[in-house]
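Peer 1: When you get a sec, could you build the whole thing from the sequences and use the hints?
There are 2 protein chains.
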Amino acid sequence: MDKITMAHGSGGEETSRLIRDIFAKYLNNPYLDQMEDSTIVPGNPEGSKELAVTTDSFVVTPYFYPGGNIGRLAVCGTVNDILMSGAIPRFITLGVILEEGLPIADLEKIVASVADTAREAGLLVVAGDTKVVENHSGPDGGILINTTGIGFLRKDSPRLLSSSIRAGDKVIVSGCMGDHHAAILGRRMQINNDIVSDNAPLCGMVNALMNSGIRVHELRDVTRGGLATVLHEFAMASSRVITLEEDAIPVSAAVQSFAGILGLDPLYMGNEGKLVAIVAGEDAELALELIRNSPYGEAAAIIGEVSDPLEREASAPPDAAHEDEQGVSRGALILRTWIGGERVLGPLYGEGLPRIC
Amino acid sequence: MDKITMAHGSGGEETSRLIRDIFAKYLNNPYLDQMEDSTIVPGNPEGSKELAVTTDSFVVTPYFYPGGNIGRLAVCGTVNDILMSGAIPRFITLGVILEEGLPIADLEKIVASVADTAREAGLLVVAGDTKVVENHSGPDGGILINTTGIGFLRKDSPRLLSSSIRAGDKVIVSGCMGDHHAAILGRRMQINNDIVSDNAPLCGMVNALMNSGIRVHELRDVTRGGLATVLHEFAMASSRVITLEEDAIPVSAAVQSFAGILGLDPLYMGNEGKLVAIVAGEDAELALELIRNSPYGEAAAIIGEVSDPLEREASAPPDAAHEDEQGVSRGALILRTWIGGERVLGPLYGEGLPRIC
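Here the protein sequences come in this chain order: A and B. Take 1 as the starting number for the first sequence in this note's numbering and just add one per residue. Take 1001 as the starting number for the second sequence in this note's numbering and just add one per residue.
The reader is advised that the hints may include incorrect statements.
[What the hints assert, rightly or not] Distance condition first, Cα-Cα at most 16 Å in a straight line; then the derived EDC-like pairs of lysine to aspartate or glutamate:
hint, chain 1, residue 1, chain 2, residue 2
1, A, Lys-109, A, Glu-245
2, B, Lys-1003, B, Asp-1156
3, B, Lys-1049, A, Glu-50
4, A, Lys-49, B, Glu-1108
5, A, Lys-3, A, Asp-21
6, A, Lys-155, A, Glu-50
7, A, Lys-109, A, Asp-140
8, B, Lys-1025, B, Asp-1116
9, B, Lys-1003, A, Asp-140
10, B, Lys-1003, B, Asp-1116
11, A, Lys-3, B, Glu-1351
12, B, Lys-1109, B, Asp-1140
The hints are simulated quantities; they were obtained by calculation from the structure and are not laboratory data. Given the structure is predicted, the values throughout are model-derived calculations rather than measurements.
Peer 2: The structure is reproduced here in structure tokens:
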């Protein structure tokens, strides 16, 4: 089988041929076809004067896993980051670092997946770069991908910021927690089960929310670090208390059982196609309905609410309102467990699952 | 000495601390300080409706080398790609993949260098990402960097395209060939000499050219693959003959001698702070003067000219005008050697120098 060699990274004839035969074959569009060092693209088709920019590198192993591959993941991760600012993703760049020995057929499948996912998300790959490094991944090489996304804000769209989170807001999660984490770990352990990664672009549900007039105060995709890490950050940044109802948090039976056996907590497991939305309390039911009717949102649920720390002080655990190291913020993340107790949650400490994304 | 661990890539508390203590310390600005998944930036400060976008990954080893490091290189490479489209670079993203074991003091030097070089080039780092992978580089880990750049076209700025290249145009190179290649290779071979990398942002000379009214037809930074690979691509894309005068091409005495000993050809050696400009013949002397008076341009020279293949057919070598594989393009790159002969040059074949950038 043809494999990647160091010559494919030379910048000379072999690099050109690889770009022509693999990348241009799947990703061609009028912008990428310019084939210059930088690509000229239109600046503000949505009428806004502002851009949303994000960058993300993907190092997931194995690069093929149940339900997806690193190519699909690299598009989803960056698209979702753009979406979470309330912007419409339009352009993406693709920087690949290939290890010597990577089967070219694998690269082709990954690039085809980038193309399919970009099409699904309605965006164009406008610039690319290829480098080759020595092989460290065994007989077949590995692949690392960086994607950088550019989106355009809707005209007069409100900024989504943690400081907009208010007491009375509701917390909605768009689906089951932990699927991607469990899929990657299960594949590494060579366990046969039905768990597949949730890697997906969340354009449908975010567009539905943003175009509905619902008062969305903050959005975040729930990736590395899991739901607890994201909501802890929201609580600290907004100086509010976020209280979750454990039995409202959706986790599939398969992941629940897998996590139970391994002693993992789905609240700290990574996802790649899930978001958490903080919306005004009165709009929560409508927001939930819109998400549930969108692709990838069928298992969405309202899982908690936001309150002001001072109002709760009588009932809160004594340290809950004073968790922040600086002693300034009075936010906290609290889990009301299914047996009725309360537990203060911090961010993920330690390694998590290495190379999960 | 403190080193990078897998926990720094978890997306949890250790990742946050690394971002706060190293990245935010050097790169802070009002955009990056938003600390959201994507960053909102202004869209078109130059009044143009178009953006220039480029992406580049950097895998150079060693990551510290004479005259620079991977951080400076990562900014220069992307800034220069944006400049070569005639746009003004404004924003850059920084995706780092760290190997376990990388000394944190080394990371700090690299990030400081990113900040210094960005400041020199007049641009802001607006988004970042950190991942950690296993160590494959010996006792201390390595680092890979992706930078993606966004620039804004000047209002009514002409597009710089290879198809704009005309007979009568002159070829100007902004300085000596081969410095970066020789610096990296010399360092790997542990040779002590005075050769340092040319890694530099070329904002000064490009702005001088673009603001002068000079008819610039094409610009390209001369990186991997070297001058011959770039000019061969120009010749093919424009269907023109480009003839170089060997004795006009600037190469420092130290690099000439280093290349001679190793059997390397400076025309195929990589650079990281040199450009080649194709300008209208009548404007060439003024363009040369502007480049020579800019930072990093003191050794610039006019090194050749463009002609129509049909006009040259009598004197050209028989295969010169028919070099392209497709048989359609009639462009060619010809070197007139210092002893008066003519040699047809192709693009770089083979490996070049692995991990040069």
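Peer 1: Provide an ascending list of the numbers of those earlier hints which the structure does not satisfy.
Peer 2: Of the numbered hints, 1, 2, 4, 9, 10 do not hold.
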